[in-house]
Amino acid sequence: ETGVTQSPTHLIKTRGQQVTLRCSSQSGHNTVSWYQQALGQGPQFIFQYYREEENGRGNFPPRFSGLQFPNYSSELNVNALELDDSALYLCASSRNTGTSFFGWLDSPLHFGNGTRLTVT
Amino acid sequence: AQRVTQPEKLLSVFKGAPVELKCNYSYSGSPELFWYVQYSRQRLQLLLRHISRESIKGFTADLNKGETSFHLKKPFAQEEDSAMYYCAYSGGSNYKLTFGKGTLLTVNP
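Quick mapping for you: the protein sequence lines, in order, are chains R and L.
Just so you know, the numbering used here puts 84 at position 84 of the first sequence, and the rest follows in order with no gaps.
Just so you know, the numbering used here puts 43 at position 43 of the second sequence, and the rest follows in order with no gaps.
The hints are all genuine.
Straight-line distance between alpha carbons at most 20 Å, and here's what the computed SDA-like set of lysine to any residue pairs gives:
#1 L:Lys96 / R:Ser65
#2 L:Lys101 / R:Asn113
#3 L:Lys101 / R:Gln41
#4 L:Lys96 / R:Glu54
#5 L:Lys96 / R:Gln41
#6 L:Lys73 / L:Ala17
#7 L:Lys96 / R:Pro62
Some, not all, of what chain L presents toward chain R, calculated at C-beta under 7 Å:
#8 Leu44
#9 Lys96
#10 Gly100
Source of the hints: derived by calculation from the structure; they are not laboratory data.
In this text, a Cβ means the ideal position worked out from N, Cα and C, and glycines have one as well.
Generate the whole structure from the sequences, applying the supplied hints.
Rendered as structure tokens:
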């Protein structure tokens, strides 16, 4: 069983630039979520993708966007980088039924090791 | 807004002592509560979820809707329990987990 893998592990960008982070979900998983973890904070939900569509979004501006591909891998894109975007970005995959009624059947989130983004 | 509060940033106990990591949440609908753990140099992983009602590595957590709490307990702490623990809340299954800020547990020999 292959776990969640993220690339790159570290990245340094300049304010105003754009960045793309990548995530390969665990085998058999159909849902990908992205979280931002600032230093000393818990992970904060950015958005979730299910069946290649955004399935929910946290309190993040539109310059944070994503994609999910047919093989369930995903990208997180951030435009017009700001200094406060410096954080650890976590990808998590799971196997979801897609309904809250059968939510108890959903597998737990499996997290990747994250991408450390530094914006200077 | 959904909120998860972990009042202790740091918690230090001796091996064999009981440990309780506190978690309170703001109520909204039917909550699903989770505890996630991150051991040193490892990825964040699920420890337990309230719906499963199971004990993992000797840890248990009871959902108290009256007190809106989901404290994590273990009667006898082990050195290998030293880790960062996050309480998380969801309005439904895996959707949009709201994490607390975490508690760093250190179990001393």
